[in-house]
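Engineer: Chains as they are written, first to last, in the working numbering: chain A, 1 to 443; chain B, 444 to 800.
Some hints could be false.
[Claimed, not checked] For lysine-lysine, the following DSS-like pairs were computed, each having C-alpha atoms within a straight-line distance of at most 27 Å: (1) B:K483 with A:K432; (2) A:K124 with B:K786; (3) A:K164 with A:K432.
[Unchecked claim] Here are some, though not all, of the chain B residues that point toward chain A, as calculated from beta-carbon distances under 8 Å: (4) F447; (5) M551; (6) W552.
[To be verified] Here are some chain A residues the structure puts well away from chain B; computed CB gaps all over 12 Å: (7) E74; (8) F84; (9) E268; (10) Y419.
Keep in mind the hints are simulated off the structure, nothing from the lab. Built from N, CA and C at the ideal position, the CB exists for glycine as well.
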Amino acid sequence: MEDMIFYDRLQFAFTITFHYIFPQLTMGLSLIIVYFKWKYLRSNIEKYNNAAKFFMKIFAVNFTMGVVTGIPMEFQFGTNWAKFSELTGGIIGQTLAMEGMFSFFLESSFLALFIFGEKLMGQKLHFLTGFLVFLGSWASGWFILATNAWMQHPVGYEILENGKFVLENFSALFSNPWLLPAFLHNQMASVVTSSFVVASIGAFYVIRKKQVEYGKLFLKTGVIFGLISSLLVAFPTGDWNAKNVAKYQPATFAAMEGIFETEEAGAEIVLVGQPNMVEKKLDNKIAVPNILSFLTHQDWNQQIPGMDQFKEEELPDNIPALYYSYHIMVGLGTIFIGVMLLALFLLWRKKLYTFKPLLWFIMFLVPFPYIANITGWYTAELGRQPYLVYGLLKTSDGVSPTVSSGNTLFTLLGFVALYMLLGFLFLVLVGKTINEGPKLQKH
Amino acid sequence: MEIFWYIIIAFVLAVFFILDGYDFGTGIVHLFFAKKEKDKQVIAKSAGLFWDSNEVWLVAAGGMLFMAFPTFYASVFSGFYLPLIIVLWLIIFRAIGLEFRGQLNYQMWKDIWDTSFGVSSLLLALFFGIALGNIIRGVNLGGVENGVSAYEGHYFFLPLWNSSFSPLTEHPGVIDWFTITIGLIAVVTLTIHGANWVILKTNSSINLKLKGVIFKLNIALTILTLFSLFMWQIVNPNSLNNFADKPYLLIFPLIYLTGLIGLFFIKKIKKDRVAFLLSTMLILGGITSSLASIFPIILPSINNTHESLTIYNTSTSNYGLSVAFIWGIIGLILLVIYAIIQKRLLGGKVDDMDYGH
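From just these sequences and the hints, can you work out the full model?
Structural biologist: This is how it looks when you write it as C-alpha cells:
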C-alpha cells in the first residue's frame, strides 16, 4: 500500500512537472505576442509583426507539447486517483470540464487560425485571433487554479453519507478566497518566465551579432515585461498568497517558513538554513527577527504558531522539501527583480546592449524562472499534504484501489522514457527556430 | 438530468470519433497506401491541420464524464489502467509524428515520423474499438472470484488478456476474440472514413485508387459486422432486447446500415462530401447502436454479485448536473461554432495551404 501511493504520487509529480514547463511559457508568451501584434497594428512597422510571428512559432511547439502532456493529467485523475475522482468528481469535474470546453477549445481553434490565416483574414482579424489565443490560455489557467483552489481551501460542497462530495454552491467555486490571489500570482509568474525567454533570446542575438535589430527589440521588451511581472509576483500577489496560507493552512505556513518553535512575540524570517528533522531545528540559520510577523500581520510582535503547535499528522509529510521549494522560489524571485532592475537601469543609460556580462547572465538565467515556477507549485502541493482536499480527504485515501504498484511503476518508467524523448525533440526544434531567427520567416 | 448528460457526452464522444476518426483513418491510409513523398506530405497535412482541435473533443468528453458520472469515470479509468495509458502514449506519438515530420528536411527524419503517425493511428483505431467492445461485453465488477469480491462493487481491474482470449470466462481480459473483432471493425471503418477524408481534402495521386480500396474494405466491413453480431449473441444472448423493447432505438442501426449500403456505390458517387457523410454515418450509427443496446447501463456486470453501472448509480448530485447543464449547453454551442468557423476558414483542398510550423 505504501509503495502504491509512492509510485502514484511520483508519477503524478513527474508528469505534472514536465507538463508545466509548457503552459507557463504559452500563457505569458501569448500576452507578449498580443503586445507585438498590437504594436504592429499601431505603427505598421514590419519588425513587430515578424516578432509576433516568430514567437508564435515557439508558442506552437510549446502548445503541442502542452496538449500532449496535458491529456495524461486529465486521464490520471481516473487511472491513478480513482477514489479521489469518485468522491470529488462532482465538484472538480465542473471546473475541469469547463476548462476543456471554454478555454482549451478557444485556444486550439484560434491558434490554427493565427498561424495559417494571416493572409486570409487581414491584420485586424489576425490580431483578434491572437487575442483569443491569449484569452483561451489565461482562461485555462483560471479554471485549473479554480480546481486547485478548491483542493487547497474547499468551499461550496456538501459531504454525503457515503463520503461523496457534491456541489452545493456553484458560484462559491469561483468566489473562493484562495482563487484570485493564486491565479494572479501564477499568471504573473508565467509572464516572468516568458519575459526571461524573450530577453534571453534577445541577449543571444545581440551577443552573437546576428539579427541584432531583433535582439535589441526582444531585450527591451523582455526587460520591461520582466521587471513589471517580477515585481507583481512578489507584491501584491505573492504577499497575498502567503497571507492566505497563514490564515487557512497555518501548519503549512509554519513548515514552509521553517518555524520549528513558536516564539513569544514576533516571528523571525528565515533567509538561509537546512531543516534538521531529528533535532527539530534549522541548521546554519540566518534569520532576521520579527520580519515575518510584520509581513504577515503588519504587526512586529504578533505571534505566529510554529510546528510545535500542531500534531504530527496535521503537518505536511515532507517538511524539508516544502521548505526548500518555498525558499528557492522566493530566493530566485528576489534575484529576478535585482537583475531586471539593473537591466532597466542600463537600458535607460543606453548601455544595456553593450554591457556583455549582464547579457551573458540574462542568457543563462533562462532555466531559473522555470525552476521558480515549478518550486512555487511544489510549495502549494507539498504544503497541502497529507491531504488531497485540505483537512477533509487524505492523499492516501485517494488512490485507485485496483491498480497495483507494479503497474504504476511500469507506466511511470514509460512516461519517463517518452518524456525524455519529447524533451530532447522539443529542445532541438526550439533551438532550430531560435537559430534561424525572426528574419528567416517563411510566413 | 442524467439522461441529458448521457446524451450530451455520447454526442461529444461521437463527434470526437467522427472528427479525430478521420485523422486516425488518414494515418492508416498514409501508412499503407501513400508511396510518393508529395502524397505523403499532403495526406499528413490533411490530418496535421486539424488533429489538435479535434482532440479537444476528447478532452471535453473526458471532463464532462468526470463531472457528471464520477463513479463511472473512476471505475473505468482505473479498471482499464494499462490500455488507457498505452492509448495516451499512442496519442503522443500520433501528435508528434504529425507535428515534427515537416520540421527538418531529411528523408530519414520524415520516415521516422511518418511511421510514428501511421502506426499509432492504426493502433489507436484498434484500441478504441477494443474499448467499445469491452464496454458492451461488460467486466467482472468487484473482481469476484468464487463468490468473493476483491474490491468494492463498482471497481474492477482488467489484465490486457488472459490465456484463453475468451470473453466467456469469469475474468475476461481487455483483448479477447470478441473485443478484437470490434477493434477490427473500428480499424476498417476509420480507414474508410480516412480514405474519404483524403479524397475530400487533397488532390493526392492515389485518390482514385482509394475509391477501390473503400469498396473492398466495405465488403470486409459487412462480413465483420455480421460476424460480430453473431458473436455478440454468444457473449450476451440478451444483447438485442433493448431494440425489441424500444423499437425507436432501431434508428441507430439504420444509420449504420445506410452508411454501409451507401458506400457500396462509392465509385458512382460524384460528390466527395456525400461519401464522407456516409462513413460519418457508419461511425455515428456504430457508436450509438452499441450504446443504445445496453442503455441505461453504461458498464454491464458479468457476475451476479454486483449490479451493472448505470447512468443513475454513477452520477453526481442533481444540483451539480443541473448547474452544469446551463454552462454545458452554452459551451456545446460554442464548440460547434468554433468547429464550423475553423473548418470553413480552412475549407477546401489542403494542398496549397501554407503549413510549416
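Engineer: If a hint holds in the structure, say so; if it doesn't, say that too.
Structural biologist: Evaluated hints:
1. B:K483 with A:K432: Between K483 (chain B) and K432 (chain A) the Cα gap is close to 24 Å, so the pair holds against 27 Å.
2. A:K124 with B:K786: Holds. K124 (chain A) to K786 (chain B) sits at ~20 Å (cutoff 27 Å).
3. A:K164 with A:K432: Violated: K164 (chain A) and K432 (chain A) sit about 50 Å apart, past 27 Å.
4. F447: 14 Å, violated
5. M551: For M551 (chain B), the interface hint is violated, since the closest Cβ of chain A sits about 14 Å away, which is over 8 Å.
6. W552: 10 Å, violated
7. E74: Non-interface label on E74 (chain A) violated, nearest chain B Cβ at 5 Å vs cutoff 12 Å.
8. F84: 8 Å, violated
9. E268: 45 Å, holds
10. Y419: 9 Å, violated
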